[in-house]
Amino acid sequence: MTASDPILSVRDLTARIVSRKQIVDAVKGVSFDIARGEAVGFVGESGCGKSVTARAIMRLAPEGTRVELGGSVHFDGQELLPMSEAAMRDVRGRRIAMVFQDPMTSLNPVITVGAQIDDILRRHTGLSGRAARARTVELLDQVGIPAPAQRADDYPHQFSGGMRQRVLIAIAISCDPDLLIADEPTTALDVTVQAQILRLLLRLREERGMSLMLITHDFGVVAGMVERVNVMYGGRIVEAASVDDIFRAPTHDYTRALLAAVPRLDRHGVAP
Amino acid sequence: MIMGASQTGDDSPLVEVRDLTVTFPARSRHPAFTALNGVTFDIARGETLGLVGQSGSGKTTTGRAVLQLQKISRGSVKLHGRELTAMRADELRRMRRHMQFVLQNPYSSLHPRMTIAQTLTEPLIVHQAVTPARYRERVAELLELVSMDPAIMDRYPHEFSGGQRQRIVIARALAVNPDFVVCDEPVSALDVRTQAQIVSLLHSLQEKLKLSYLFIAHDLAIVHEVCRKVAVMYRGEIVEKGSVSQVYDNPTHPYTQMLFDSAPVLDPSLQRQRLRMPPPEPATLAAGHPDSACAFGEIHAVSSTPAWHEVAPGHGVSCRYRPA
Chain A
1 MTASDPILSV
11 RDLTARIVSR
21 KQIVDAVKGV
31 SFDIARGEAV
41 GFVGESGCGK
51 SVTARAIMRL
61 APEGTRVELG
71 GSVHFDGQEL
81 LPMSEAAMRD
91 VRGRRIAMVF
101 QDPMTSLNPV
111 ITVGAQIDDI
121 LRRHTGLSGR
131 AARARTVELL
141 DQVGIPAPAQ
151 RADDYPHQFS
161 GGMRQRVLIA
171 IAISCDPDLL
181 IADEPTTALD
191 VTVQAQILRL
201 LLRLREERGM
211 SLMLITHDFG
221 VVAGMVERVN
231 VMYGGRIVEA
241 ASVDDIFRAP
251 THDYTRALLA
261 AVPRLDRHGV
271 AP
Chain B
1 MIMGASQTGD
11 DSPLVEVRDL
21 TVTFPARSRH
31 PAFTALNGVT
41 FDIARGETLG
51 LVGQSGSGKT
61 TTGRAVLQLQ
71 KISRGSVKLH
81 GRELTAMRAD
91 ELRRMRRHMQ
101 FVLQNPYSSL
111 HPRMTIAQTL
121 TEPLIVHQAV
131 TPARYRERVA
141 ELLELVSMDP
151 AIMDRYPHEF
161 SGGQRQRIVI
171 ARALAVNPDF
181 VVCDEPVSAL
191 DVRTQAQIVS
201 LLHSLQEKLK
211 LSYLFIAHDL
221 AIVHEVCRKV
231 AVMYRGEIVE
241 KGSVSQVYDN
251 PTHPYTQMLF
261 DSAPVLDPSL
271 QRQRLRMPPP
281 EPATLAAGHP
291 DSACAFGEIH
301 AVSSTPAWHE
311 VAPGHGVSCR
321 YRPA
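The listed protein sequences derive, respectively, from chains A and B.
FYI, the UniProt record's numbering numbers position 61 of the first sequence as 61, with every residue one higher than the one before it.
FYI, the UniProt record's numbering numbers position 95 of the second sequence as 95, with every residue one higher than the one before it.
Chain B with its partners taken away, still in its complex shape:
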C-alpha cells in the first residue's frame, strides 16, 4: 500500500521543504504580509521534527503549506521525492493519503452529529482505501490501534472525554495509512496526565507504523519529550534548528533564549527568582539588514548567502532578529 520507498532511496528524507514562503497580498488598508519566509527543513522516515514558537509565528501556516492546504508564493515541498507544489489537483488528491493532519481542539474537530464509525469511514470512502464490505472491520482495527474499545463505534463524540476524542481524531488521520502526519498542538487542550497518554500513543504508533511527524507546539517541554529534532520559529522564519539536545542545552538565537527563560520551572524558589527578573520582550528583536555585517560578521548582501550559520554539525541559527 505504501508507495515511495521503492521510488526514492530509503535514506533520503520523507519530507523535504525548501525556501517555503507564503505571502498574503495587500488588502485595502492592510499591507501585504509575509507569513512564512524561506522555511527549510527535512523530516526523515520515522522521525519527528518539533516546531516551536509563539502564536502568530507561522507554525500552523507551515503545517498547512506543507500539506498544500495553503497557497504558497515560493519554494518547494517534496514528499517521497515528489514535488507537491506543482502537482495537478487529482494527483495531489491521491498524494493526500500519505499525509494527514491532527488538529489541536478535539472538541471542534469531530462532527457532533456523526457517529465515531461514520467519522472514521469518511476517509476510507474518499480515498477508496478498503472495499465497503470491510468498512466496519477497518473502523474496529483503527479504534484498537488507538487503544479504544471497538464497541463504541456507534456512539457520538459528546459521549467522550477530550483525551478519548483526540484518540479518535488520531484514528481518523491514520485511516488511510499515511506515512506523514502533521500534529498541530495535539495535546495543548488536554490535562497533563491525558497529555502524557496521548504522547505515549503517538510514540507507539510511530514505532508500529514508521510514521514521520511534524509536531507543532508552543510548549517547549512537550516538544522535548516527543521530538529528537526541533526548529524554532519567529515572525515566519526558522531562527534556530538542530537536535533537541543541541537546541535545549545550548540555545543560541536570542529568541530561543527568550523562550527558555519564559518557561516556568517546577522549583518554587528558582521560579520566584525568575519572575523577579525583567519580562522577556520578543518585540525588542530587530530583523537586521543584509547590507550591514550580521551578528556573525558576514555581510549577506555581498556574500549572497542565506542569513544562516552552522554553530555545530546539524545545529544552525539565523543571524536575523537580534536585540537592536
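Looking at chain A on its own, in the form it has when it is part of the complex:
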C-alpha cells in the first residue's frame, strides 16, 4: 500500500503522438507511483490517454506513429526514458511485461503456441530447446490450460478467446516480470471467461508478488482487483484514491458521471 518503496514512479509524463496526419498530446503531465506487489487500476474512456500512458512506460508507439515523451519514468532504480533501445529491450518483457486487449491479433497465427513461447524463453532466458519446452508446458499449466503438453502444439486459432488470453498471460509472466501491465485484458471476453481471467491475474500476482497496472474502461473489472484507482480524462489523472473510496465517495464530477453510467444488475430500469 505504501508509496515508500515504489517499483515504478512516474512524474509529469507527457506523450505527444506524431503521425503523418496530425499531432496529438495524448498524455499531458501524469504522475503516479506503483509500490512493489501493489495493483493499481487506471480507468477512463477511450482516448483518455490510459493506454498511451502504459505504452509510454514501455516506450512503445502506436503503429505508424512516433511518440515524443517528456517527464520521468523511474523503474526499480533506473530512469527509462533516456535509456538506449538495446537496454530498453531488456527491460521490456523481462522486467515489465504487457498483456493487450485483443488476444486474436497478439499471437502469430502460423506458428504453434508452444513454439512462440519457446522462442521468447530462448531469447530472454537463454534456455535450450528442450528446457524451454519444459518451461513452456509448465507456464501453460500455471495459467490453467488443460493438457498443456498437447495444447502447446496447437495453433492460436485452435484456442478459444479466453484460452488465447491465458496464452498471452503465460507469455507475459514467462520471464517473471516485476510489473505486469494489463490493458483491457478481459474486454473482448464473456463474463464467465472474464471472471476466470481476473481470478488468474489475482492468483499470479499473489504467488509472485508481482505489481499490476490494470487498465480498463470498466469499473467492475477494477473493483475486486486493485488497491488504488487513477481515473483519467483528457490525458490527465483527474482523481486518484483507494478503490474503496472511489466507489464509496467519488469526489470528481467525471468519476461520478462514469460510475453513474455503469449499468447495474441491482437497479431496475424502465424497460418496455
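In case anyone wonders, no lab produced these hints; they're calculated from the structure.
A quick note: this is a predicted structure, and the numbers were derived from the prediction, not measured.
Any given hint could turn out to be false.
Label pairs and their computed distance ranges (CB to CB) [what the hints assert, rightly or not]:
| no. | chain 1 | residue 1 | chain 2 | residue 2 | range |
| --- | --- | --- | --- | --- | --- |
| 1 | A | Arg89 | B | Val126 | 23 to 29 Å |
| 2 | A | His252 | B | Glu298 | 55 to 61 Å |
| 3 | A | Ser19 | B | Ala151 | 24 to 30 Å |
Derived coverage of chain A by chain B (criterion: at least 3 residues anywhere in the stretch with Cβ under 8 Å from a Cβ of chain B; other residues may be distant) [unchecked claim]:
| no. | region |
| --- | --- |
| 4 | 150-159 |
| 5 | 196-210 |
| 6 | 221-233 |
| 7 | 241-248 |
| 8 | 253-263 |
For every residue, glycine included, the Cβ atom is placed at its ideal position computed from N, Cα and C.
Start from chain A and add chain B according to the hints.
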C-alpha cells in the same frame, strides 16, 4: 406503410419463433454441428426480448436465422403472422423492410468510402421506400430521428466517433420503417457513457415508432436496462426464459446462476470475496439423457414432452445442462 396490423389480430405476437434449429453439416474432419436446437420464443409489438449467453452459444445465429440470413434445418419463424421459412425469394425480399439488423461494430459496418447520405439512401433505393426526389429529405429525417445534425450527411464515417457511427447504423436500419429490429451487441464496443446514450436512443425510438427488438448481448446489466423479457442461451438452446425480474431475481438454471455469479459487482469488498471463490466453469454442465429422469423428475422420452418446465407463470427453465 406498415402492413400486418390489419392482417393479424393486434394482440398476437409480432414475431413467433418455434423449434428453430440450425445444423451445420459435417465437413471432412469436422462432425456435424447443431448451432441452434429447438429455439422457441415470441416478441410482442413494441416489446424487447433480450438474448444473453456466452460467445458461441448461438445468439447471433438465432438473430440471423430469424431474419432468414441463415439457412435453417427445422422450425418456424413468423413475422406479422406470415411464415418466413417457406417464403419465395421475391416475397421474402419485400418482407425484409419490416425486419432490420443493427450490428455490433460501428467501425466495420459502415462503408468507409460512402458518405452518410449515400449509406442512408441505399436501403431507400433497394426497397423503393420513397421517390428519388425525396431521398435527401428522408435522409435528413432519419438523421434527426437519431439526434444527429442533418448537415453532416455529406461527410464520411471516419469523421465520427463510435457512438455517432452507431447512431448512423441505427438510422440506416430505420430507413425503411421496420417494425422489428435485431440488435446484435449494439453497444458492447462503446464506452459506458456512450452506451447509456445509445440505450436511451433505442428506448425513445421504440416508444416513438412502436418497434420490437431482439436485443442480443453478453452483458447482463445492459439487458437488465433495455429489456422486460429475457432468454438465456447455452450451447444453442434456450435454457431459461422469463421476465427480467423473474430471471434476475430468481435465476433457476445452473448456467444462468453461473452467469450471475461471474458478473462483477461495483462493490470492492464484495467483489474481492467473489474473486476468491472458485471460478465458474460452464464446461462442467452435462446435457443429460431423455431416457433418464430429469432434474424435475420427469422422463421426457416416456412422456414425450420437451425438456422444459414452468417454474412460475411465464418463467420457464430447461432441465438440460446440469452439473454432472
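Can the suggested window of 24 to 30 Å be confirmed for the beta-carbon pair serine 19/A and alanine 151/B? With Cβ atoms ~28 Å apart, the hint holds.
Regarding histidine 252/A and glutamate 298/B, is the given constraint of 55 to 61 Å on their beta-carbon distance met? 57 Å Cβ-Cβ, so the 55 to 61 Å window holds.
At least three residues with a C-beta closer than 8 Å to a C-beta of chain B: is that true for the region 221-233 of chain A? holds (count 4)
The region 253-263 of chain A covered by chain B? Criterion: 3 or more residues, Cβ-Cβ distance below 8 Å. Our answer is that it holds, as 6 residues pass the Cβ test (under 8 Å) against chain B, meeting three.
Can you tell me if the region 241-248 of chain A counts as covered by chain B, using C-beta to C-beta distances under 8 Å and a minimum of three residues? holds (count 3)
Between arginine 89/A and valine 126/B, does the C-beta distance stay in 23 to 29 Å? This hint is violated: roughly 54 Å between Cβ atoms.
Okay, the region 196-210 of chain A and chain B, do three or more residues pass the C-beta test at under 8 Å? holds (count 4)
Within the assertion that chain B covers the region 150-159 of chain A, do at least three residues meet a Cβ-to-Cβ distance smaller than 8 Å? As far as the region 150-159 of chain A goes, the hint is violated, because 0 residues have Cβ atoms under 8 Å from chain B.
Checked against the numbered hints above, the structure violates hints 1 and 4; every other hint is satisfied.
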